[in-house]
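Colleague: Please work from the sequences and hints to get the whole structure.
Number of protein chains: 2
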Amino acid sequence: MNEPIELQELTSGGVTSAAGFKAGGIHSGFRRDPKRFDLALIEADDVCCAAGTFTQNAFCAAPVIVSRHHLNDRGSGKVRAVVINSGIANAATGEKGLTAAQRTTSIAADIIGCTDDEVLVASTGVIGKFLPLDPFEEGLPALHSSISSSEQGGHDAAHAIMTTDTFAKEYAVSWTSHDPAYEGTTFTVGGMVKGSGMIMPNMATMIAVLTTDAPLSECAAHRALSASVAQSFNRVTVDSDTSTNDTCILLASGAAAPKASSIDVSGCAFDECMAAIKRVCIHLARCIARDGEGSTKLITVTVNGAADDVDANRAARAIANSPLVKTAVFGHDANWGRIAAALGKSGASFDQGNVSIDMMGIPVCRNGLAVTFDEDKALKQFEEPEITIDADLGAGSSSTTMWTCDLSHDYIRINGDYRS
Amino acid sequence: MNEPIELQELTSGGVTSAAGFKAGGIHSGFRRDPKRFDLALIEADDVCCAAGTFTQNAFCAAPVIVSRHHLNDRGSGKVRAVVINSGIANAATGEKGLTAAQRTTSIAADIIGCTDDEVLVASTGVIGKFLPLDPFEEGLPALHSSISSSEQGGHDAAHAIMTTDTFAKEYAVSWTSHDPAYEGTTFTVGGMVKGSGMIMPNMATMIAVLTTDAPLSECAAHRALSASVAQSFNRVTVDSDTSTNDTCILLASGAAAPKASSIDVSGCAFDECMAAIKRVCIHLARCIARDGEGSTKLITVTVNGAADDVDANRAARAIANSPLVKTAVFGHDANWGRIAAALGKSGASFDQGNVSIDMMGIPVCRNGLAVTFDEDKALKQFEEPEITIDADLGAGSSSTTMWTCDLSHDYIRINGDYRS
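If you're matching them up, the sequences are chains R and H in order.
In this text, residue positions in the first sequence follow our numbering: the first is 125, and each later residue adds one.
In this text, residue positions in the second sequence follow our numbering: the first is 125, and each later residue adds one.
Honestly, I wouldn't trust all of these hints.
Since the list can't tell identical chains apart, any single copy or any two copies may satisfy a pair.
Result set (PhoX-like, lysine-lysine): computed pairs, CA atoms no more than 25 Å apart in a straight line [said to hold, decoys possible]:
# : residue 1 : residue 2
1 : 253       : 504
2 : 202       : 402
3 : 220       : 159
4 : 501       : 253
5 : 383       : 501
6 : 383       : 220
It is worth saying that the hints were derived from the structure and are not from the lab.
Modeller: Now the structure itself:
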């Protein structure tokens with residue numbers, strides 16, 4: 125690895141920050157409320173190298189099947205545009221749903237002037253309900269003529285994919301390449317995401333679109349996206365449920381270096397792109413956890429000293445998914461016993477006499493035993509918007525980080541009252 | 125298998141219903157509130173064949189280590205008494221905690237007149253806090269002299285082990301044996317349990333004690349208990365957390381047939397005992413789910429048509445642990461999409477086009493597609509205290525049942541406010 129590049133965060137950056145992309149969002153009739161946008165279009169000026177990762181849920185939705193197929197069922201391909209609707213997930217809709225998703229790509233392709241398989245689709249919303257085509261037929265021509273490469277275009281798209289999200293989630297970084305082949309070129313990676321549960325159907329699917337003007341090859345885009353998703357979106361858990369519709373797409377226009385050769389999976393420029401994509405994904409993933417349904421706190425769980433990566437993951441996931449840990453944080457209670465018990469049931473191997481736990485940097489458990497700590501200091505630190513939990517298993521040298529949120533009354537209100 | 129026996133439910137039955145046992149409960153100082161019992165003793169008139177199953181949690185508590193050892197680390201042995209305290213879990217207490225648990229057995233053994241290893245111990249309460257011995261030294265002599273074989277003795281013991289439980293959980297059945305070797309003998313199995321989260325430390329451990337006057341051998345007691353626990357307590361989930369202290373003990377006095385030979389692992393009498401123990405365990409397990417922290421509904425999840433038992437278990441567990449399914453039930457929302465998504469992420473193999481789902485007997489999904497149903501009828505059925513969810517994966521012939529409860533505001537209140 126060469127010297128680390130310096131990534132510059134772009135103020136108000138998003139999916140249109142990288143050169144070569146336009147975006148927009150409108151209300152098109154998937155939702156009843158005419159004030160809520162429900163249709164987003166992200167369009168590249170030319171066909172792009174693209175990569176995608178999709179839900180592993182066996183009950184996956186029709187748009188996932190269609191988009192996966194358009195990426196040649198290997199996670200990468202050539203793409204011109206992404207069409208996303210909110211309000212209806214087009215999941216559990218059988219053959220009729222598949223036809224609707226395919227028709228959506230045809231409608232968009234006709235308007236844009238590309239082939240059907242150069243269009244990807246994603247949907248989020250109520251499942252088991254059929255997706256109407258009228259809002260695409262009527263809305264897409266207007267949306268297509270109004271999309272722009274401005275920040276506003278990105279913002280509108282980010283708003284159009286929101287469901288129970290309380291804020292739009294966008295981010296972008298740029299950097300000047302140190303790679304001799306691209307010396308002095310400024311590249312940008314931007315993106316948007318929706319999701320406020322990791323979760324699940326009704327309206328809490330995760331959908332992310334990332335764009336870059338670096339000339340990543342198909343293979344490099346896929347490699348960079350997969351590695352970044354594994355360390356970001358796949359490390360967020362709000363309530364342990366995964367969606368039928370989760371989709372993450374990366375489009376690489378190459379517009380920042382149109383005459384340069386494409387970036388393949390090795391070399392300095394690839395490393396730079398990886399770092400930038402990972403940064404954007406982690407930022408957006410943390411936004412999801414912070415906006416977890418009913419969340420009042422972002423919780424960062426770090427496990428060190430695990431015997432191997434599998435154990436590190438098991439241990440971190442057990443803590444991050446524990447309703448008892450999450451309610452304790454909501455209740456401002458440094459109840460590390462619940463963290464210990466989550467570790468104990470995780471399946472990770474360790475000796476309880478070697479376990480250490482810190483909450484918000486305060487040692488609360490050493491060698492499996494309680495440590496006396498200043499409860500007032502702990503209570504004060506619980507006022508912070510971010511809470512850290514660090515557990516060391518004393519069993520090896522593997523570590524990992526996960527993000528989650530606390531479990532509050534509002535989670536129950538949001539998910540108990542959802543459809544009614 | 126012989127003709128099925130008829131099990132008679134005993135009104136106000138519990139841990140003293142079977143012949144040969146005394147029990148009681150008192151306040152002894154583990155808790156601050158002098159009105160709350162916190163020490164229980166279950167004592168057999170003579171030494172019994174006994175079996176035990178314990179938490180798999182790697183952070184297991186000191187009393188679990190000691191009791192497991194007294195059952196020869198193979199889950200069965202000879203036992204005279206069980207001592208249980210609530211208020212302090214004696215978990216995450218290291219060597220000092222182990223010594224305290226061992227001392228507890230010595231104190232009890234001295235008073236009762238048996239050996240230390242004929243006493244089992246269990247604790248439930250706050251973890252990371254050391255267990256004082258004074259309440260045993262001062263309380264056990266008084267408790268020992270007040271225990272009785274009356275219903276009241278059983279009730280007092282059942283109350284003394286409660287933590288966040290909102291009601292004491294006891295049950296007993298009796299039957300007249302059809303086995304020629306015990307013809308006409310009436311046997312009884314009774315029991316008590318505490319637990320109102322499956323869950324975890326502070327105070328939601330599951331502790332169960334079962335007693336029977338059938339002359340089960342050690343091996344038969346172990347076999348019957350293990351099989352019954354697998355189909356009852358291990359099929360309850362309140363919040364997916366498992367405790368550091370979970371303990372389930374069966375004592376078999378043989379007092380109903382003192383001169384008969386012992387019942388081994390085959391034959392009609394064993395089958396009868398198995399059926400009775402299983403019935404008591406399932407009843408008590410359903411009580412835990414019904415009393416799940418903040419619960420307003422008992423939810424019975426049945427999965428049919430799974431490819432194998434592992435898949436059936438995965439699928440049922442995914443539904444029963446899904447916060448989105450549980451909040452939907454709390455919100456009286458027949459949101460089967462959340463059930464479908466839970467199935468999809470479970471890892472069970474199936475084709476979504478073969479899946480059927482019923483809620484409260486109402487078909488809501490057939491062949492993976494929505495079925496139109498009477499929403500008013502569904503809303504009305506949500507008023508019932510028990511809600512059934514039935515999913516058929518259409519992938520084989522394995523099935524299983526699990527019990528859970530809904531997820532309400534009160535769960536957050538109970539667990540968010542617990543220690544403060």
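Colleague: For each hint, tell me whether it holds in the structure or not.
Modeller: Evaluated hints:
1. 253 with 504: So residue 253 and residue 504 pass the 25 Å test across copies only (23 Å; inside, 47 Å).
2. 202 with 402: The answer is within: 22 Å in one copy meets 25 Å, while 60 Å across copies does not.
3. 220 with 159: neither (29 Å within a copy, 64 Å between copies)
4. 501 with 253: For residue 501 and residue 253, only the inter-copy Cα distance (20 Å) is at most 25 Å; the intra-copy one is 51 Å.
5. 383 with 501: neither (58 Å within a copy, 66 Å between copies)
6. 383 with 220: Classified as neither; 44 Å inside a copy, 72 Å across copies.
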